[in-house]
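4 protein chains.
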Amino acid sequence: MDEDEALRRLYADFDAAGMQPLWRVREGLMPDRPTPRAVPHAWHWKDLYPLARRAGDLVPVGRGGERRAIALGNPGLGGEPFTTPTLWAAVQYLGPQEVAPDHRHSQSAFRFVLEGEGVWTVVDGDPVAMRRGDLLLTPGMAFHGHHNTRDAPMAWLDGLDIPIAGYLDAQFFEFGPDDVVDRSTPATSRSERLWGRPGLRPIGGPEPKASSPLCAYRWEFTDAALADQLALEAEGRPSTVEPGHAAVRFSNPATGGDALVTMRTEMHRLAAGCTTTGRREVGSSVWQVFDGAGAFVLDGHRTEVRRGDVVAVPSWCHVVVEAAEPFDLFRFSDAPIIERLNLARTQLDGGNS
Amino acid sequence: MDEDEALRRLYADFDAAGMQPLWRVREGLMPDRPTPRAVPHAWHWKDLYPLARRAGDLVPVGRGGERRAIALGNPGLGGEPFTTPTLWAAVQYLGPQEVAPDHRHSQSAFRFVLEGEGVWTVVDGDPVAMRRGDLLLTPGMAFHGHHNTRDAPMAWLDGLDIPIAGYLDAQFFEFGPDDVVDRSTPATSRSERLWGRPGLRPIGGPEPKASSPLCAYRWEFTDAALADQLALEAEGRPSTVEPGHAAVRFSNPATGGDALVTMRTEMHRLAAGCTTTGRREVGSSVWQVFDGAGAFVLDGHRTEVRRGDVVAVPSWCHVVVEAAEPFDLFRFSDAPIIERLNLARTQLDGGNS
Amino acid sequence: MDEDEALRRLYADFDAAGMQPLWRVREGLMPDRPTPRAVPHAWHWKDLYPLARRAGDLVPVGRGGERRAIALGNPGLGGEPFTTPTLWAAVQYLGPQEVAPDHRHSQSAFRFVLEGEGVWTVVDGDPVAMRRGDLLLTPGMAFHGHHNTRDAPMAWLDGLDIPIAGYLDAQFFEFGPDDVVDRSTPATSRSERLWGRPGLRPIGGPEPKASSPLCAYRWEFTDAALADQLALEAEGRPSTVEPGHAAVRFSNPATGGDALVTMRTEMHRLAAGCTTTGRREVGSSVWQVFDGAGAFVLDGHRTEVRRGDVVAVPSWCHVVVEAAEPFDLFRFSDAPIIERLNLARTQLDGGNS
Amino acid sequence: MDEDEALRRLYADFDAAGMQPLWRVREGLMPDRPTPRAVPHAWHWKDLYPLARRAGDLVPVGRGGERRAIALGNPGLGGEPFTTPTLWAAVQYLGPQEVAPDHRHSQSAFRFVLEGEGVWTVVDGDPVAMRRGDLLLTPGMAFHGHHNTRDAPMAWLDGLDIPIAGYLDAQFFEFGPDDVVDRSTPATSRSERLWGRPGLRPIGGPEPKASSPLCAYRWEFTDAALADQLALEAEGRPSTVEPGHAAVRFSNPATGGDALVTMRTEMHRLAAGCTTTGRREVGSSVWQVFDGAGAFVLDGHRTEVRRGDVVAVPSWCHVVVEAAEPFDLFRFSDAPIIERLNLARTQLDGGNS
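Chain order of the listed sequences is A, B, C and D. With our numbering, letter number 302 in the first sequence gets 302, and the count goes up by one each step, no holes. With our numbering, letter number 159 in the second sequence gets 159, and the count goes up by one each step, no holes. With our numbering, letter number 5 in the third sequence gets 5, and the count goes up by one each step, no holes. With our numbering, letter number 206 in the fourth sequence gets 206, and the count goes up by one each step, no holes.
The reader is advised that the hints may include incorrect statements.
The list makes no distinction among identical chains, and a pair is therefore deemed to hold if it is satisfied within one copy or across any two copies.
Said to hold, decoys possible - Derived SDA-like pairs (lysine to any residue); straight-line CA-CA distance at most 20 Å: (1) K209 x G256; (2) K209 x G65; (3) K46 x D15; (4) K209 x G257.
Just so you know, these hints were derived from the structure itself, not from any lab.
With the rest of the complex left out, here is chain A (with noise of 0.2 Å):
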């Protein structure tokens, strides 16, 4: 047998023992740097909404469907519902009173108000306001259902972990009531009432567990804290990202980290004309335009995005974002999960981080 028959057959008696040779597929498996199949991608909301509206009309809400959630598919991911390989990001849609059942499943959430009102998400028996700007979160293991007290549909942005919780199978889903368990309607949670206080950490009441016990970020905290960093930034105080741009972090009160374990949160305010540095990090993000107009470049190709439009933004692409107008923009992206992996590194042009 001469030597290329003999390495045939090696070859089919790897395959037939479910083996596969290294050297074969190195390249591909370990490249010298990160290629992703996710590719850099831009929802409009113009499209995305009248969609939504479309399902609000055909589709109802309930129990097995659960909600009416329209994921975002990165056209990369070979039809996974997925935004990014780590992300899921759905435009969730409820019709004038109509109620999304409770449930829990081991995978975060979270509620990215663009618009509208009268929506409460009552979590572990907390009924939960929704209103534009507002970041709500759902950590995982949590009960939660929504409920819509208006005559008017309201639409939002959902963010979760559902790719990795799969990837690594750590899904657990519990059914609870048809209905939300708590119908009241209060302007503020218990959980702000608790610990929506700055700097304040409650010494009684129930333990924090791994995520925020905080479960609404208001946006008028947002809204000013990006407004304040401009203004001390314009006083010559350091206090922006970079000149022009304010960002901030949803965080956890009772540790200062990541408002959720799985996914990071930010809203970032760039000034009219601003222009970030080009950057690129290991890790996902999925940006949306909460407001003003302006552009995405990712690796070279330049979108045009306004309000409501969403952006995914997979790993070691380089992003630059330039605003047009005043601009502002929520982030969510898995920068907790490559952190605490020891994954992390980031490239800024023109120098190294």
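For chain A, the structure is supplied; the task is to place chains B, C and D on it using the hints.
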């Protein structure tokens, strides 16, 4: 030589060699339970304030003496100007238009404001307004000076870790300019503008150090947090330390831990008629009545207190607090030291924890 | 247009927009409990080793392919060369006098030696002898090459986090020299000379990074630790995981945590006749029999295994291990990832934890 | 009344009220840099040991006195039996067949053995052999007694945190049985059998507490670690604190931190002729010469020392150590306290860190 004589000589020789036999001092050095030299003690505002005012009339504030602060020396500590072995509490008084010059030191400090307003404390160049009910921080090695912008005097409680810094021989002190470095009088400090929104962490700006980057905890938030705890309790929700007893800890928003490394700071509110469960704790504390009236029962001795009165509680002293009417109390303690050194122990009447 | 048609159009439009409705995939995406694609599987050393040896005869090791490592691909993973979704296990084979060239990558690796000796792995310039029973680490971004100093081949188990680094798009790879950078063959590596004494931490020398600064865990210590646990159990002292079941975790002496950030590594010893309590855990693992013989019962299916056999255990698979004779097993898992992301859950037969 | 009289009256009234004006004591309380009462001091073994032996002849060991330990009182501390403000160092002496009865206390302790063997210290029921060069731990609240199995006396150095436990009023003490609870004399303690292999962490067995679960650090390992550091230095590898100066810290294998919460313990080896870089540190320390001869230069004053001599170094004292010959030194300090309270500061000759 008989044995007694030999023993006598041995002890003399120990003495000459600077040696001390444990067996002659063991019970004193290693008692069954804490035997503090400090004693439970109360100082009354009706005595403290007039003395502070007289000092204001007679003693200028300025370089060298640095501050018109009058310490409350625990009667058990043999003339040391310390309120407990680890804690310094003093009344500081600043006359109309007066300035306490800029300096810094390794000792950490806070100010708690019983009444009045018009003084700004300038902490590392950041002017911080002082108003009734506010807690203002001066972490170790932060430059700071105070100036009174009004024609009325102002007095407040100073808390410092002077005793433990001295015990550990860890004191450093530097003079700054004779005047405060910024005479502007903003209602809101830069530290609040950067770190004062609930759960929002600036991504840019200066990296926080060991102590809280938030230097002012405003009464409006503290008051609301305490009110909400009692309201939640009335709604049947777990929220308080015990029935009728609300409490918050002033925390570092960057870590969730104590606002200062060496001193715990808290605000307590007791509903009228509330009596706290008796407890002993390792570590000492100092309380100041912020509002209302009631009593402390310390190792069985009852003392009535009202607005401004200060109470020292030694380690392992049995404490009960009684609220004759709605009762607000500020408390600071050396708990972070005790906990970091793994020496914490608490005993509750009717149980242990 | 009737409703069915409207719905058909809606789904077509979703499709065109790259959107996916949750309600049609919810059960698959968010199942009641983990539904791993990976399956329980065993590979037998009597099959693996001959294939590795044939590769040694036919395939040179060198630049590009880098390593003569043959991965054990889980039959459930559709041809991916991964043993579980997160873990790569491979047999690496190095012929007489062969060299595996120097390189580094963000993926972390270890070698566990089933038999033989004579190879040195040179980790960041530190030659580390490989001998039966040893665990040798190659933390992420450490340069490393291997060379065989003998005239006999040597084979061992490689474990890497290639799948998760790929999933997270966090791969970086760099070539080093074609030869190992130090051909000396000390019995003891520098890492052991600095960090290899129990509880002794060097005050000088390089600062440890995220992974263990100790790169070699020698069999003599592992063996003695396991023997002592069983001996202590026989003396009536709490020391084992459960009766007859001793186990150690390979840990980072600088932190006490896992030796590697992304993979937990352990050695288990079962006394003859011991049957472990059945358990399910979130997260996947891979076992290799180091010595003795016994069986795995995975989701009720029993497989007999002996020296060198490798077993893949998917997430939430029910596992029982039976020892027919004294039974030593090496195990690695993704537990550090699961724990850091707050997704851990364990279910023991007859109870929960 | 003139101003002087008013002032005199004010100070008298302050006095009566237990108040102390800061401005009259500020320089003493808040000096520019530490002004320790403790002084640099050396005790010589040739003086210490004979006194301990005489005590052995004259003073029985037993219940009440508990230990035949003779403390080294710092001459600056006014008769307090403390070696520095935070540290207690004593010579403990146990005659032939004597027993030091079982007890426990919140104070943490260690024994460092200058010479001899034959004593077992029984720590929470675990008999731990004491031999030359060993460091043996007795964490706070662990029951312990000692017994001498030989017909020769044995003496060693005791280190405790008695002063700080006293300063913080955190002392608890309980008697155990009059005899040690286990008279067996194994060469190796159970703590070593569970925790004494490098990097191997038992998965079962008792959960470690705040202090090290490893209670004995054996000289053979310490010696080898120090020898290897100097050998690695000779091979051109970074390994030592500074040229000719090897050092290890005794650490908690469960955390990588200090073996005891309140005291740092270290072993230093200086090559013959080595002179350490002068340094000042916040916090105090105590050294004992284990072998060899050399000198300490403390704030410029030079003292020659040899085997067994003990040296006290106050906070911020300038320290240089000179090795006349190969020089081994044990050191303990309050560094963990200083570091945990964020008070650390070091000044090296020719630089800062």
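Requested in this report: Compare the structure with the hints numbered earlier in the document and write down the numbers of the violated ones, lowest to highest.
Outcome: Going through the list in order, the structure violates hint 2 alone and respects the others.
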